[in-house]
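The task is simple: from the sequences and hints, build the whole structure.
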Amino acid sequence: SQWGEENLQALSIQEGEDVTMNCSYKTYTTVVQWYRQKSGKGPALIILIRSNEREKRSGRLRATLDTSSQSSSLSITGTLATDTAVYFCATFSGSWQLIFGSGTQLTVMP
Amino acid sequence: GPKVLQIPSHQIIDMGQMVTLNCDPVSNHLYFYWYKQILGQQMEFLVNFYNGKVMEKSKLFKDQFSVERPDGSYFTLKIQPTALEDSAVYFCASSLGERLFFGHGTKLSVL
Chain V
1 SQWGEENLQA
11 LSIQEGEDVT
21 MNCSYKTYTT
31 VVQWYRQKSG
41 KGPALIILIR
51 SNEREKRSGR
61 LRATLDTSSQ
71 SSSLSITGTL
81 ATDTAVYFCA
91 TFSGSWQLIF
101 GSGTQLTVMP
Chain E
1001 GPKVLQIPSH
1011 QIIDMGQMVT
1021 LNCDPVSNHL
1031 YFYWYKQILG
1041 QQMEFLVNFY
1051 NGKVMEKSKL
1061 FKDQFSVERP
1071 DGSYFTLKIQ
1081 PTALEDSAVY
1091 FCASSLGERL
1101 FFGHGTKLSV
1111 L
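Sequences listed follow chains V and E, in order.
Under our numbering, the residue at position 109 of the first sequence is numbered 109, and the numbers go up by one with no gaps.
Each number in our numbering comes from the position in the second sequence (counting from 1) with 1000 added on.
Simulated from the structure, these hints should not be mistaken for lab results.
Glycine included, every Cβ here is placed at the ideal spot set by N, Cα and C.
A couple of the hints might just be wrong.
What the hints assert, rightly or not - Covered by chain E, per the in silico footprint, the following chain V stretches (three or more residues, Cβ under 8 Å):
#1 8-22
#2 91-104
To be verified - Below, a list of computed lysine-lysine pairs in the PhoX-like style, where the Cα atoms sit at most 25 Å apart:
#3 K1078(E) with K1059(E)
#4 K1107(E) with K1062(E)
#5 K41(V) with K1057(E)
#6 K56(V) with K38(V)
#7 K1078(E) with K1053(E)
#8 K1078(E) with K1062(E)
#9 K1053(E) with K1003(E)
#10 K26(V) with K1057(E)
#11 K1057(E) with K1107(E)
#12 K38(V) with K1107(E)
#13 K1107(E) with K1003(E)
#14 K41(V) with K1078(E)
#15 K1107(E) with K1078(E)
#16 K41(V) with K1003(E)
#17 K56(V) with K26(V)
#18 K1107(E) with K41(V)
#19 K1057(E) with K1003(E)
#20 K1003(E) with K1078(E)
#21 K1078(E) with K1057(E)
#22 K1059(E) with K26(V)
#23 K1003(E) with K1059(E)
#24 K38(V) with K1003(E)
Unchecked claim - Cβ pair distances, simulated, as ranges:
#25 M1055(E) with M109(V): 36 to 46 Å
#26 A81(V) with M1055(E): 38 to 48 Å
#27 T30(V) with K1062(E): 25 to 35 Å
#28 Q14(V) with G1016(E): 48 to 58 Å
#29 D1014(E) with T30(V): 44 to 54 Å
#30 V1054(E) with A44(V): 22 to 32 Å
#31 S69(V) with P1081(E): 38 to 48 Å
#32 S1066(E) with Q14(V): 40 to 50 Å
#33 K38(V) with K1078(E): 27 to 37 Å
#34 T20(V) with Q1080(E): 41 to 51 Å
#35 S24(V) with G1016(E): 40 to 50 Å
#36 E15(V) with M1015(E): 17 to 27 Å
See below:
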């Protein structure tokens, strides 16, 4: 597997709190994608960060990428109950083979 | 945004039967994918497809699996014969590049 520490985790927080999810990868990559999967749906891309960017923001989302430690994080500020989902990091291996990490089940309680 | 449609949403079949999962990808997309997910766990890559050919496949893409997209119609995943361990949710995705667009999945139950 090209993924390291990102075993399927479960996080449960209260609405309004901030949360950070982490993943680490083993093989060289130039881009890390974060997908969100809501119950009964397919994953949807929420943010993409490249190796020449240390940080990327999109609304309440913030992604970081540290190529030296081969790790990426996704933070969500001011969480809402609608942020409840599984969050995956993913990166390409080979030509166009997108490989997903194990995911974090985030539950935001209203 | 662009939508990928998967038909049917749920399929129940007996072990040993053949099943075809259908995917209607985003119309101008060029790359097509199938993923397998068990019990809401990790998304596992099966295969990608471009220009009428399989580009890459994983160890999960057994000999009983095949994909095709005849004449720009549905992108299909066929399993023949099915086994109990094929029970899972299968997701189709399409893309023009880095960003994949996923369907809602077909839940396959093999009895």
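Tested hints:
1. 8-22: violated (count 1)
2. 91-104: holds (count 11)
3. K1078(E) with K1059(E): holds, 16 Å
4. K1107(E) with K1062(E): holds, 18 Å
5. K41(V) with K1057(E): holds, 24 Å
6. K56(V) with K38(V): holds, 22 Å
7. K1078(E) with K1053(E): holds, 15 Å
8. K1078(E) with K1062(E): Holds: K1078(E) and K1062(E) sit about 11 Å apart, inside 25 Å.
9. K1053(E) with K1003(E): holds, 23 Å
10. K26(V) with K1057(E): holds, 20 Å
11. K1057(E) with K1107(E): Roughly 21 Å separates the two Cα atoms, so the pair holds.
12. K38(V) with K1107(E): holds, 15 Å
13. K1107(E) with K1003(E): This hinted pair holds, its Cα atoms lying about 18 Å apart.
14. K41(V) with K1078(E): Roughly 22 Å separates the two Cα atoms, so the pair holds.
15. K1107(E) with K1078(E): holds, 14 Å
16. K41(V) with K1003(E): holds, 12 Å
17. K56(V) with K26(V): Given pair K56(V), K26(V) holds - Cα atoms ~21 Å apart, limit 25 Å.
18. K1107(E) with K41(V): With Cα atoms ~11 Å apart, K1107(E) and K41(V) stay inside 25 Å; holds.
19. K1057(E) with K1003(E): holds, 24 Å
20. K1003(E) with K1078(E): holds, 22 Å
21. K1078(E) with K1057(E): Distance ~14 Å between K1078(E) and K1057(E) Cα, so the pair holds.
22. K1059(E) with K26(V): Since the Cα atoms of K1059(E) and K26(V) sit roughly 19 Å apart, the hinted pair holds (cutoff 25 Å).
23. K1003(E) with K1059(E): The hint is violated at about 28 Å.
24. K38(V) with K1003(E): Distance of about 16 Å is within 25 Å: holds.
25. M1055(E) with M109(V): 36 to 46 Å: holds, 43 Å
26. A81(V) with M1055(E): 38 to 48 Å: Once the Cβ atoms are compared, 40 Å apart, the range 38 to 48 Å for M1055(E) and A81(V) holds.
27. T30(V) with K1062(E): 25 to 35 Å: holds, 31 Å
28. Q14(V) with G1016(E): 48 to 58 Å: holds, 49 Å
29. D1014(E) with T30(V): 44 to 54 Å: At roughly 46 Å between Cβ atoms, T30(V) and D1014(E) fall inside 44 to 54 Å, so the hint holds.
30. V1054(E) with A44(V): 22 to 32 Å: Holds, at about 25 Å.
31. S69(V) with P1081(E): 38 to 48 Å: This hint holds: roughly 46 Å between Cβ atoms.
32. S1066(E) with Q14(V): 40 to 50 Å: The hint (40 to 50 Å, Cβ to Cβ) holds, given that S1066(E) and Q14(V) are roughly 48 Å apart.
33. K38(V) with K1078(E): 27 to 37 Å: holds, 28 Å
34. T20(V) with Q1080(E): 41 to 51 Å: Since T20(V) and Q1080(E) have Cβ atoms about 45 Å apart, the given range 41 to 51 Å holds.
35. S24(V) with G1016(E): 40 to 50 Å: About 42 Å separates the Cβ atoms of S24(V) and G1016(E), which means 40 to 50 Å holds.
36. E15(V) with M1015(E): 17 to 27 Å: The hint (17 to 27 Å, Cβ to Cβ) is violated, given that E15(V) and M1015(E) are roughly 45 Å apart.
In summary, the structure is inconsistent with hints 1, 23, 36 from the numbered list given earlier, while agreeing with the others.
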